[in-house]
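Respectively, the protein sequence lines represent chains A and B. If you read the first sequence in the working numbering, its first letter stands for residue 1, the second for the next number, and so on. If you read the second sequence in the working numbering, its first letter stands for residue 1, the second for the next number, and so on.
Hint data in this document are derived by calculation from the structure and do not stem from the laboratory. Since this is a predicted model, take the numbers as computed values, not measurements. Among these hints, one or two may not hold up.
Claimed, not checked - Distance ranges between label pairs, derived from CB positions:
hint: 1; chain 1: A; residue 1: E263; chain 2: B; residue 2: D310; range: 21 to 27 Å
hint: 2; chain 1: B; residue 1: D290; chain 2: A; residue 2: D138; range: 43 to 49 Å
hint: 3; chain 1: B; residue 1: K105; chain 2: A; residue 2: Q213; range: 54 to 60 Å
hint: 4; chain 1: B; residue 1: A255; chain 2: A; residue 2: T41; range: 31 to 37 Å
hint: 5; chain 1: A; residue 1: L210; chain 2: B; residue 2: V13; range: 38 to 44 Å
hint: 6; chain 1: B; residue 1: N202; chain 2: A; residue 2: N202; range: 54 to 60 Å
hint: 7; chain 1: A; residue 1: E240; chain 2: B; residue 2: Q213; range: 46 to 52 Å
hint: 8; chain 1: B; residue 1: N202; chain 2: A; residue 2: Q213; range: 54 to 60 Å
Unchecked claim - Straight-line C-alpha distance at most 30 Å; calculated BS3-like pairs for lysine-lysine:
hint: 9; chain 1: B; residue 1: K105; chain 2: B; residue 2: K6
hint: 10; chain 1: B; residue 1: K302; chain 2: A; residue 2: K156
hint: 11; chain 1: B; residue 1: K105; chain 2: A; residue 2: K7
hint: 12; chain 1: A; residue 1: K156; chain 2: A; residue 2: K280
hint: 13; chain 1: B; residue 1: K6; chain 2: A; residue 2: K280
hint: 14; chain 1: B; residue 1: K156; chain 2: B; residue 2: K280
hint: 15; chain 1: A; residue 1: K302; chain 2: B; residue 2: K261
hint: 16; chain 1: B; residue 1: K105; chain 2: A; residue 2: K261
hint: 17; chain 1: A; residue 1: K156; chain 2: B; residue 2: K311
hint: 18; chain 1: B; residue 1: K302; chain 2: A; residue 2: K35
hint: 19; chain 1: B; residue 1: K311; chain 2: B; residue 2: K261
hint: 20; chain 1: A; residue 1: K302; chain 2: B; residue 2: K7
hint: 21; chain 1: B; residue 1: K156; chain 2: B; residue 2: K35
hint: 22; chain 1: A; residue 1: K311; chain 2: A; residue 2: K280
hint: 23; chain 1: B; residue 1: K302; chain 2: A; residue 2: K246
hint: 24; chain 1: A; residue 1: K35; chain 2: B; residue 2: K105
hint: 25; chain 1: A; residue 1: K311; chain 2: B; residue 2: K261
hint: 26; chain 1: A; residue 1: K35; chain 2: A; residue 2: K105
hint: 27; chain 1: B; residue 1: K302; chain 2: A; residue 2: K311
hint: 28; chain 1: A; residue 1: K6; chain 2: A; residue 2: K105
hint: 29; chain 1: B; residue 1: K105; chain 2: B; residue 2: K35
hint: 30; chain 1: B; residue 1: K311; chain 2: A; residue 2: K7
hint: 31; chain 1: A; residue 1: K6; chain 2: B; residue 2: K156
Every residue gets a Cβ at the ideal spot worked out from N, C-alpha and C, and that includes glycine.
2 protein chains.
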Amino acid sequence: MRDIVKKVIAGDVRTVARLISDIDDGLPEAWEILKRLYPHTGNAYIIGITGAPGVGKSTLVDQMVGLFRERDLTVGVLAIDPTSPFSGGAILGDRIRMQRHSMDKEVYLRSMATRGYFGGLSRSTRCAIDVLDAMGKDIILVETVGVGQDEVDIVKSADTTIVVVIPGMGDEVQAIKAGILEVGDIFVINKSDRDGAEATHNDLQNMISLAQQKYSRKNWVPPIVKTQAVQGEGLSALIEEIDRHKHRLHAEAAAGKAARKTEQIREVLAEMLKDRILEKVLDSLVRTGDFDRTVEAITDGKLDPYTACDKLLQDKLNAGFQK
Amino acid sequence: MRDIVKKVIAGDVRTVARLISDIDDGLPEAWEILKRLYPHTGNAYIIGITGAPGVGKSTLVDQMVGLFRERDLTVGVLAIDPTSPFSGGAILGDRIRMQRHSMDKEVYLRSMATRGYFGGLSRSTRCAIDVLDAMGKDIILVETVGVGQDEVDIVKSADTTIVVVIPGMGDEVQAIKAGILEVGDIFVINKSDRDGAEATHNDLQNMISLAQQKYSRKNWVPPIVKTQAVQGEGLSALIEEIDRHKHRLHAEAAAGKAARKTEQIREVLAEMLKDRILEKVLDSLVRTGDFDRTVEAITDGKLDPYTACDKLLQDKLNAGFQK
């Protein structure tokens, strides 16, 4: 185990890949290794990128990797797809995406698409971020597909979160939901040469103003950056905004106002607890056959699911919780 | 309590509205009422409708309601928005949507958008379906916004699930994720007068074939229906496909192959257990201050989150689970 920890810290790509698979599979050994890696984390800057499918996130990420590499920063990329049960497809996708950087040893790319029966992708992502952080990446880009609650949970781990939209997606006001607005630090209008870019810009501006009022954030007004990722246009403006946001966070931290960090730790811990509790309790119910027997009783109409749920938990939790 | 149960069964709209709010708020009384309502459920036919924002789901639902009403069927509509924390907005939306049916006593429309700190929207939805079922609705339409895992979980409760897309949404192959393909019983290409409808049709057809192979479903090949919901075009073809799917399910059930029903009960029970466990365990950790103390220790660098998680759960769960 100490050997694995050492290899990860030394940046050994095969060990890292194996470890992330083990995390994905929920192996207990991986959990122990994460405990030992944690003291080596905290140096990477984490950037989350989210947005609906088809807005060009992968191309943006690819271009960003190029610009960070020009600065001699090492980069890790995690591409997370909560809706796809095909991890094979995701890994195949890696080879197609980002071919440009595939020979660059300082860039590590990894897709995560699996999702255990009882959830947990945002925890796995958090763990994978810790691994890439411990392996010494300066920048970690976490790209998620989609704009659901899963994605919001995942990008909450980021220092800077980028929300990508394109012009003319129909109801823009519908397309970017409030949860995403709350977490967005920078908004990108990609494919900004398309019709409707100005309308999208105005819509976004209005929504940002509303969100600022609602969440009463005063110290950071999310900027909107127009890009055409395929041509690389607008990319340096985007990187500048990331830098500006990073400096803001550092200034806040220096002034002792690290509220965001504490909030992130709250989220991470709550997330981990959730997954671990479910693993322990549900696994135990499944293993003992209680779960299947109960499903059968409900199917046969002998029990309603509400009473069944109460009964199962009463037996399991009371001993630990009644006091 | 018996009074509330009676009123729900009698179809009293105000009691139903109040009960669904109580379910959303997680009141323990609501849970007890659900136990008593459950024996009165099982008569409604549940149709799930999902798809990205802007594809015209609301208009489709509105038209479907009209057609079911022509058959003298009573209809309940649940509009679920997992990504929006603004329940006020959702309820306001109700008044704008479906004005056509607002005077019809046999149509009940309800939005759900709240999401507790520890999740649980798909459980709330399942409970609300039971309420509308118990109140005597023949058809329950469950409309979700988005195509994430939340939406997949929600539509899993449906007897027939409809996935709605529109032509020219960019990468169609990306836009409909595998999870959605797995649950789709009928696919609708709405706004089918737009450019690219044929290409979208071909893409869908290919994806359905692949999914059929992957999940080795042989007894039902999801049909693709082209609609223009605003004009009402294609709607009767859609209703026909729903009927056809319903007959298939009934034939299977009659032949003793009610695998789908059992699978749904498994899902529902697992979902309920998850939420209730989290409520009990996390609430207890928060209430005792253990959670906050642990967050502080991690923030101060005295503890890593992995070890912290193990410690918290060890104390809480061991008594009930060690044996």
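Each hint, compared with the structure:
1. A:E263 - B:D310: 21 to 27 Å: holds, 22 Å
2. B:D290 - A:D138: 43 to 49 Å: Given about 35 Å between the Cβ atoms, the range is violated.
3. B:K105 - A:Q213: 54 to 60 Å: Given range 54 to 60 Å: violated, Cβ gap about 39 Å.
4. B:A255 - A:T41: 31 to 37 Å: Since A255 of chain B and T41 of chain A have Cβ atoms about 56 Å apart, the given range 31 to 37 Å is violated.
5. A:L210 - B:V13: 38 to 44 Å: With a Cβ separation near 32 Å, L210 of chain A and V13 of chain B fall outside 38 to 44 Å, so the hint is violated.
6. B:N202 - A:N202: 54 to 60 Å: violated, 36 Å
7. A:E240 - B:Q213: 46 to 52 Å: Since E240 of chain A and Q213 of chain B have Cβ atoms about 48 Å apart, the given range 46 to 52 Å holds.
8. B:N202 - A:Q213: 54 to 60 Å: At roughly 46 Å between Cβ atoms, Q213 of chain A and N202 of chain B fall outside 54 to 60 Å, so the hint is violated.
9. B:K105 - B:K6: holds, 18 Å
10. B:K302 - A:K156: Holds, because 23 Å separates the two Cα atoms, which is no more than 30 Å.
11. B:K105 - A:K7: Violated, at about 68 Å.
12. A:K156 - A:K280: Judged against 30 Å, a Cα distance of about 25 Å means the pair holds.
13. B:K6 - A:K280: Violated - the C-alpha atoms of K280 of chain A and K6 of chain B are around 39 Å apart, more than 30 Å.
14. B:K156 - B:K280: holds, 26 Å
15. A:K302 - B:K261: Cα-Cα ~15 Å, so holds.
16. B:K105 - A:K261: violated, 51 Å
17. A:K156 - B:K311: holds, 24 Å
18. B:K302 - A:K35: holds, 13 Å
19. B:K311 - B:K261: violated, 39 Å
20. A:K302 - B:K7: It holds: about 25 Å lies between the C-alpha atoms, which stays within 30 Å.
21. B:K156 - B:K35: Satisfied, since the Cα-Cα distance of roughly 21 Å is no more than 30 Å.
22. A:K311 - A:K280: Holds, because 17 Å separates the two Cα atoms, which is no more than 30 Å.
23. B:K302 - A:K246: Holds, at about 25 Å.
24. A:K35 - B:K105: violated, 59 Å
25. A:K311 - B:K261: At roughly 22 Å apart (the allowed maximum being 30 Å), K261 of chain B and K311 of chain A satisfy the hint.
26. A:K35 - A:K105: holds, 26 Å
27. B:K302 - A:K311: Distance of about 39 Å is beyond 30 Å: violated.
28. A:K6 - A:K105: Given that 30 Å is the threshold and the Cα spacing comes to 18 Å, the pair holds.
29. B:K105 - B:K35: Distance of about 26 Å is within 30 Å: holds.
30. B:K311 - A:K7: holds, 27 Å
31. A:K6 - B:K156: With Cα atoms ~45 Å apart, K6 of chain A and K156 of chain B exceed 30 Å; violated.
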